[in-house]
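A.B. asks: Spelled out, the chains give:
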Amino acid sequence: MSRFERKILFAIGLTVFLTLGGSIFFAQGALREVYQVGVNEQFGQELVHGVEARRDQLIALRAGSEHVADAVGSAVEAAVIDKASPRALEALLGELLARYPGVRSIRVVEGDRVYATAIREPDPNAEVMRATLRKREITTRAKNLRIEVEVVVPEVHFQRLQEAGAVADVYSRLQRESASVSDVYVWVFGVLVFFVIVVAFLIGAIASRRVTRRVTVLAEATRRVGAGDLTVTLPTGSTDEVTELTQAFNDMVRDLRDSRTRIEYLQRISAWQDFARRLAHEIKNPLTPIQLAAQELDETYSGEDDGYREKLEHARAIIEEEVATLRRLVGEFSAFAKLPRADLSPADLCELIQSIQDSVPAILEDISEDGPAPVEVRVSCATKPMHVRMDPMMLRRGVDNILRNAIQAVYAAKPTGGGHVLLRAYSIEKTAFIEVRDNGPGIPQGDWERIFDPYYTTKAEGTGLGLAIVKKVVLEHGGEVDLDRAPEGGARFRIELPLMDSS
Amino acid sequence: MKYWLAALVWLMAESASAQSGLPLRDVRVVWSRGAPKVSFSAKDLADERVRKELQSALRKRLVVTVAAHVGGSARTIVRRQFGCDVTHDLWEDGYLVRIGNRTERLPTLEKALDRCLVVKGLFVGEPNRYESYKGEEIFFSVEAEFNPISEKQCRELIRPSGNSDAVGPITVSIVRRRICKAERKVLFRGKNVKVPQ
Numbered sequence: 158m159s160r161f162e163r164k165i166l167f168a169i170g171l172t173v174f175l176t177l178g179g180s181i182f183f184a185q186g187a188l189r190e191v192y193q194v195g196v197n198e199q200f201g202q203e204l205v206h207g208v209e210a211r212r213d214q215l216i217a218l219r220a221g222s223e224h225v226a227d228a229v230g231s232a233v234e235a236a237v238i239d240k241a242s243p244r245a246l247e248a249l250l251g252e253l254l255a256r257y258p259g260v261r262s263i264r265v266v267e268g269d270r271v272y273a274t275a276i277r278e279p280d281p282n283a284e285v286m287r288a289t290l291r292k293r294e295i296t297t298r299a300k301n302l303r304i305e306v307e308v309v310v311p312e313v314h315f316q317r318l319q320e321a322g323a324v325a326d327v328y329s330r331l332q333r334e335s336a337s338v339s340d341v342y343v344w345v346f347g348v349l350v351f352f353v354i355v356v357a358f359l360i361g362a363i364a365s366r367r368v369t370r371r372v373t374v375l376a377e378a379t380r381r382v383g384a385g386d387l388t389v390t391l392p393t394g395s396t397d398e399v400t401e402l403t404q405a406f407n408d409m410v411r412d413l414r415d416s417r418t419r420i421e422y423l424q425r426i427s428a429w430q431d432f433a434r435r436l437a438h439e440i441k442n443p444l445t446p447i448q449l450a451a452q453e454l455d456e457t458y459s460g461e462d463d464g465y466r467e468k469l470e471h472a473r474a475i476i477e478e479e480v481a482t483l484r485r486l487v488g489e490f491s492a493f494a495k496l497p498r499a500d501l502s503p504a505d506l507c508e509l510i511q512s513i514q515d516s517v518p519a520i521l522e523d524i525s526e527d528g529p530a531p532v533e534v535r536v537s538c539a540t541k542p543m544h545v546r547m548d549p550m551m552l553r554r555g556v557d558n559i560l561r562n563a564i565q566a567v568y569a570a571k572p573t574g575g576g577h578v579l580l581r582a583y584s585i586e587k588t589a590f591i592e593v594r595d596n597g598p599g600i601p602q603g604d605w606e607r608i609f610d611p612y613y614t615t616k617a618e619g620t621g622l623g624l625a626i627v628k629k630v631v632l633e634h635g636g637e638v639d640l641d642r643a644p645e646g647g648a649r650f651r652i653e654l655p656l657m658d659s660s
Numbered sequence: 034m035k036y037w038l039a040a041l042v043w044l045m046a047e048s049a050s051a052q053s054g055l056p057l058r059d060v061r062v063v064w065s066r067g068a069p070k071v072s073f074s075a076k077d078l079a080d081e082r083v084r085k086e087l088q089s090a091l092r093k094r095l096v097v098t099v100a101a102h103v104g105g106s107a108r109t110i111v112r113r114q115f116g117c118d119v120t121h122d123l124w125e126d127g128y129l130v131r132i133g134n135r136t137e138r139l140p141t142l143e144k145a146l147d148r149c150l151v152v153k154g155l156f157v158g159e160p161n162r163y164e165s166y167k168g169e170e171i172f173f174s175v176e177a178e179f180n181p182i183s184e185k186q187c188r189e190l191i192r193p194s195g196n197s198d199a200v201g202p203i204t205v206s207i208v209r210r211r212i213c214k215a216e217r218k219v220l221f222r223g224k225n226v227k228v229p230q
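Just so you know, the protein sequences line up as chains A and B, in that order. Following the numbering used here, the residues of the first sequence are numbered contiguously, the last one being 660. Following the numbering used here, the residues of the second sequence are numbered contiguously, the last one being 230.
These are calculated hints, taken from the structure and not from any lab test. Using N, Cα and C, we set each Cβ at its ideal position, and we do this for glycine too. There's no promise every hint is true.
Footprint (simulated), chain A over chain B, 3 or more residues, beta carbon under 8 Å [as the list claims (entries may be wrong)]:
{"id": "1", "region": "68 to 78"}
{"id": "2", "region": "90 to 101"}
{"id": "3", "region": "122 to 134"}
Kindly produce the complete structure, drawing on both the sequences and the hints.
C.D. replies: Pasting the structure below:
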């Protein structure tokens with residue numbers, strides 16, 4: 158784990174911990190208060206009072222039922238003492254049932270024999286009742302009777318007492334455990350917050366790791382670039398600031414790579430220019446004495462041997478021809494060696510293309526010994542001006558070299574006509590392009606890499622300097638030149654030049 | 034992994050020591066056809082406060098749990114539990130005692146307590162549960178509780194608010210454990226006895 162990553166994780170952890178840990182600290186008091194609001198002594202007392210009231214109600218109901226049973230017993234006892242007939246007694250029992258709704262049945266029993274009885278008709282819709290039997294013994298002179306009065310009370314009173322008791326019980330427990338239960342809430346809250354802290358920290362760690370890893374990769378790539386490795390390219394995917402930084406890094410490395418390639422090429426060209434200058438100097442100096450010596454040998458021979466004279470003249474002709482060839486080569490080497498640096502100034506590229514177009518007939522004449530070469534040369538340029546910083550003379554020389562090569566190649570392949578060469582200039586965004594393409598035989602792909610190297614040529618008569626000059630000129634213009642296959646089948650040279658901001 | 038194992042061993046040892054460390058009391062054991070019948074009294078559960086509560090006319094619960102353990106270990110061989118609902122009847126004098134589905138009326142609190150907390154000849158497990166412990170020492174532990182709220186009633190009385198969050202039910206579950214536990218508890222164990230061959 159890098160120091161940067163550790164610092165970010167520490168910052169995330171500190172932020173999350175302070176925020177959520179602080180919330181636990183402040184929330185515990187609030188949670189306890191909330192609990193105290195819901196479970197307080199007054200509510201508990203009221204519940205206990207409610208239970209006591211229900212209990213008192215039941216005690217009162219019991220007392221009431223006992224009074225009713227006593228009243229019924231007294232009335233029946235009085236009737237028995239008055240020697241009421243069983244029929245009259247049953248009528249009295251019926252009246253008593255009607256008078257006291259809390260009485261379900263009344264029986265007057267003598268031993269095992271029922272002396273008189275009255276039972277209330279069962280009501281199927283009546284609520285569930287709890288019954289109890291209140292008994293009373295009566296002894297008269299003739300009989301030993303027992304009065305049984307069955308009194309009832311709704312069962313629901315008992316149920317409600319138990320229900321109220323259960324609620325009051327739980328409530329009193331909640332009160333008793335008030336501290337520990339509110340602690341439970343605080344603990345649960347704490348555990349949840351801890352869980353959130355862990356999740357937040359993990360998410361933060363994962364998210365930060367994505368950033369820090371990319372920064373680490375960027376740092377490593379920077380070290381590699383610092384060590385001279387300009388082949389580094391970092392992947393870009395998302396759209397954040399780190400991606401922008403990575404993109405800028407890639408652009409910087411690419412620019413460095415291009416600059417280095419350009420500088421290396423120009424250094425190489427410079428070395429070759431130096432070599433060409435020395436070669437030209439070394440070859441040029443002995444050419445005149447050689448030619449003069451050959452001429453002198455031929456002219457001063459005074460002998461009669463015609464065969465020998467003929468050999469001398471033949472040798473002189475060969476020497477003069479080869480010396481002329483060497484002079485031409487020396488001239489080209491010398492010109493290459495003296496090739497100046499481009500002196501750049503703003504100019505319209507289309508004007509340059511126009512001036513080249515004007516020289517096309519001369520080139521066609523120059524290439525063919527039998528009048529103008531039968532090659533169709535088309536020249537086009539954008540309608541609006543394309544301003545680039547250029548040295549018109551040097552750039553023209555470069556484009557002229559390419560155009561001349563193309564015409565020569567097409568003419569060589571199609572000497573009787575049918576050859577086409579296209580020279581055009583156009584721009585895309587901030588780049589101007591000069592394109593020369595033909596329908597000639599093209600250049601084998603294996604030669605594309607080395608075609609711009611000095612002294613590398615595929616032509617029998619070539620010096621291999623033309624395209625090297627082109628590349629030097631283009632590089633000094635801050636541009637690029639490349640070669641590929643033209644849509645027509647021949648070669649396509651394309652020069653890229655940076656447009657000025659006003660274009 | 035080794036930490037988890039260590040924690041498990043520690044928990045088991047703690048549990049074993051908790052069972053073995055109970056106060057020793059008279060728990061008589063008679064073996065009948067390979068099964069133990071235990072007798073003991075947990076009547077001291079009913080202290081003054083418990084008795085007062087039992088006279089309140091509200092239904093109160095007495096729960097007795099008897100468990101057989103392997104001697105010197107926490108391992109439970111078998112567990113038997115029974116509960117008594119005691120209600121002082123205000124309508125008619127006496128106490129209603131319900132054990133299982135059977136309800137009986139007892140005239141005094143003492144008799145109700147005897148019925149619920151004085152255990153005579155209670156079978157603890159079937160004979161086959163003791164087959165593999167023949168000749169080994171075992172002991173019986175007794176836990177008598179006053180008024181633990183039953184799980185069902187506790188669920189009815191302490192309910193989550195019904196919100197869809199997952200935290201509410203967890204919190205309520207923890208609170209239930211605290212609130213619905215017994216108001217008073219008596220724990221003891223008997224001497225080691227040998228399972229007859």
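A.B. asks: Does each hint fit the structure? Answer for all of them.
C.D. replies: Here is what the structure says about each hint:
{"no.": "1", "hint": "68 to 78", "result": "violated (count 0)"}
{"no.": "2", "hint": "90 to 101", "result": "holds (count 3)"}
{"no.": "3", "hint": "122 to 134", "result": "holds (count 3)"}
Taken one by one, the earlier hints fail for this structure only at number 1.
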